[in-house]
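Undergrad: Below are the chains, spelled out letter by letter.
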Amino acid sequence: MSKRNYYDIDDILASQERVPCFLRTDLDGLGSAGGGGSSKVHRNSRWSLPFWMADRLNDEDYLDMQVSPVFSKQSNRMYAASPESVDLRNICQNYYQFGLQLSEVAPEVPHVLHNMYMTRIQKIARVAQQGNNVETLDFVQSLDKMEEDILRVCQHAQGAITAWHQNKAYALQKASVIHN
Amino acid sequence: MLGDEAFRLVKEARNITTDHIPAYNEEQVRLVAQESRYLWTRIEELIASLNTLQSQGGDGHEFESSQTQDPMGHQPMSPQKQFGGAADLGGYSQHSFDSDPTTAASRSNAMIENTNAQSTLFLVTLNRNKRCLLAYHHKRMEFIRSLLWALHLAPSLVPAQMSVKLSPEEQNYAREYAKLNSAYRDAVERQLCLNDSLDWTANGELPPRDLFIEVRVVKDCGEIVTENGVVNLQAGSQHYLHRSDIEHLITIGYLEHISPK
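The listed protein sequences derive, respectively, from chains A and B.
The opening residue of the first sequence carries number 0 in numbering that gives the first Met the number 0; numbering runs sequentially from there.
The opening residue of the second sequence carries number 0 in numbering that gives the first Met the number 0; numbering runs sequentially from there.
Because the hints were derived from the structure by calculation, they are not lab data.
For clarity, every value in this text was computed on a predicted model and none was experimentally measured.
A couple of the hints might just be wrong.
Away from chain A, derived, C-beta distances all over 12 Å, residues of chain B [unchecked claim]:
| no. | residue |
| --- | --- |
| 1 | 170 |
| 2 | 180 |
| 3 | 181 |
| 4 | 189 |
| 5 | 192 |
| 6 | 199 |
| 7 | 221 |
| 8 | 224 |
Restricting the straight-line Cα-Cα distance to at most 20 Å, the calculated cross-link-like pairs of lysine-lysine (PhoX-like) are [unchecked claim]:
| no. | chain 1 | residue 1 | chain 2 | residue 2 |
| --- | --- | --- | --- | --- |
| 9 | B | 218 | A | 173 |
| 10 | B | 10 | B | 138 |
| 11 | B | 138 | A | 144 |
| 12 | B | 10 | A | 144 |
| 13 | A | 144 | A | 122 |
| 14 | B | 10 | B | 164 |
| 15 | B | 164 | B | 138 |
The C-beta atom is built at its ideal place from N, Cα and C for all residues, glycine as well.
Take the sequences, apply the hints, and build the full model.
TA: Structure representation (structure tokens):
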């Protein structure tokens, strides 16, 4: 896995996904948002916490982190049956990014991601070539954020070929930030 | 929930595209900074209470905290900029302390562990807040830089509806960045080509195919001086000109490039 970038917005967004945790110690003040509220959070209770928080506290043995239901064995098997019809956007908007982060805890996840990606990327490329129509609408709406970006790049490249054929690729444009 | 305010900021940064930026959210930045300061004072309080626990248990039994590892070490990349006092947090967690193992040992141990867990929780959140703040500002900085390059490094060309979205500091950054860049360009010019001017803001993604291009004038720009004499650019007229002479006028939308068919 490539080194994660400290400033990467998508990486930060993905690490906000919740994972189920079992607390071994009291974690008071968990729910307060800096306002000074003193909410009691007792040990031996179950909470679903953001991954960035759970992962670090898990390292220190203050809680037991479990693998998110998105990547449980059962759902992995279910999604593997038909990757193209999985509604990733509904399940987890940062499916791949989150999966990569989880891979340190759950070693089987990268294989799941690989299979999912390799099947879906073909359909994404097909959709980009066909243009939008009713049949692909459901699929386009099931893409996670990374796949959306890929689809946009594919469609842009498709448009660039047409522009080049029509000899428009050499026209200088005004800057896109200026509207008048 | 801890860290939610910072997350809201990052979600906003996700909406930045190549030609759109949401207004600088000063209120939210202040909220996150406030939460971080609060967490920092709480951590200091917790450490102080740990120290009193330590002085109460007095028989010198070494109890090594499970928290001796430097939490900053988990950071995927060490940040280049430091924000507030968060940088020197690492030293605080490297306390080892004594506790009383015999009398009420389990109780004080549990208390110590709870305090440890809580301060770790706050520290993790503090680091998270810092990362969110830095990422938010970094993303905006990247946007400003790409905006400047698209506008030939001239901060004065930034459209008004764009510059109201930037904070005064960001506008200052844009000016200073352009100034630094032109100083560097001048230095390079002196070294490499004394008699020629270097236009390195020319559109590099679009390689030149012809030296001369056909343009139509959209807005009056008066007269410009070229190698071949003075050209009067009146709205509606059409000219065949050297690309490098008028490329910046196309960028700001005064001229329109008519591509050959």
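Undergrad: Determine for every hint whether it applies to the structure shown.
TA: A quick look at each hint next to the structure:
1. Listed as a non-interface residue, residue 170(B) keeps its Cβ farther than 12 Å from every Cβ of chain A; the least gap is roughly 15 Å.
2. Non-interface call for residue 180(B) relative to chain A: holds, since the shortest CB-CB distance, roughly 17 Å, exceeds 12 Å.
3. Here residue 181(B) stays apart from chain A, with its beta-carbon at least about 19 Å from theirs, past the 12 Å limit.
4. The Cβ of residue 189(B) lies farther than 12 Å from every Cβ of chain A, with a closest approach of about 29 Å, so its non-interface assignment holds.
5. Every beta carbon of chain A lies more than 12 Å from that of residue 192(B), the smallest distance being close to 24 Å; the non-interface claim holds.
6. Non-interface status of residue 199(B) relative to chain A is upheld: no Cβ of that chain comes within 12 Å, the nearest being about 16 Å off.
7. Against chain A, the non-interface label of residue 221(B) holds: every CB pair exceeds 12 Å, the least being about 18 Å.
8. With a least beta-carbon separation of about 21 Å from chain A, residue 224(B) lies farther than 12 Å from that chain, consistent with its non-interface assignment.
9. A distance of roughly 13 Å separates the Cα atoms of residue 218(B) and residue 173(A); the hinted pair therefore holds under the 20 Å criterion.
10. At roughly 12 Å between alpha-carbon atoms, residue 10(B) and residue 138(B) fall within 20 Å of each other, so this suggested pair holds.
11. At most 20 Å may separate the alpha-carbon atoms for a hinted pair to count; residue 138(B) and residue 144(A) meet this at roughly 18 Å.
12. With a C-alpha separation of about 13 Å, the suggested pairing of residue 10(B) with residue 144(A) holds against the 20 Å cut-off.
13. For the hint linking residue 144(A) to residue 122(A), the alpha-carbon distance of about 16 Å falls within 20 Å, and the restraint holds.
14. Between residue 10(B) and residue 164(B) the alpha-carbon distance is near 17 Å, which keeps this suggested pair within the 20 Å criterion.
15. With a C-alpha separation of about 14 Å, the suggested pairing of residue 164(B) with residue 138(B) holds against the 20 Å cut-off.
Checked against the numbered hints above, the structure violates none of them.
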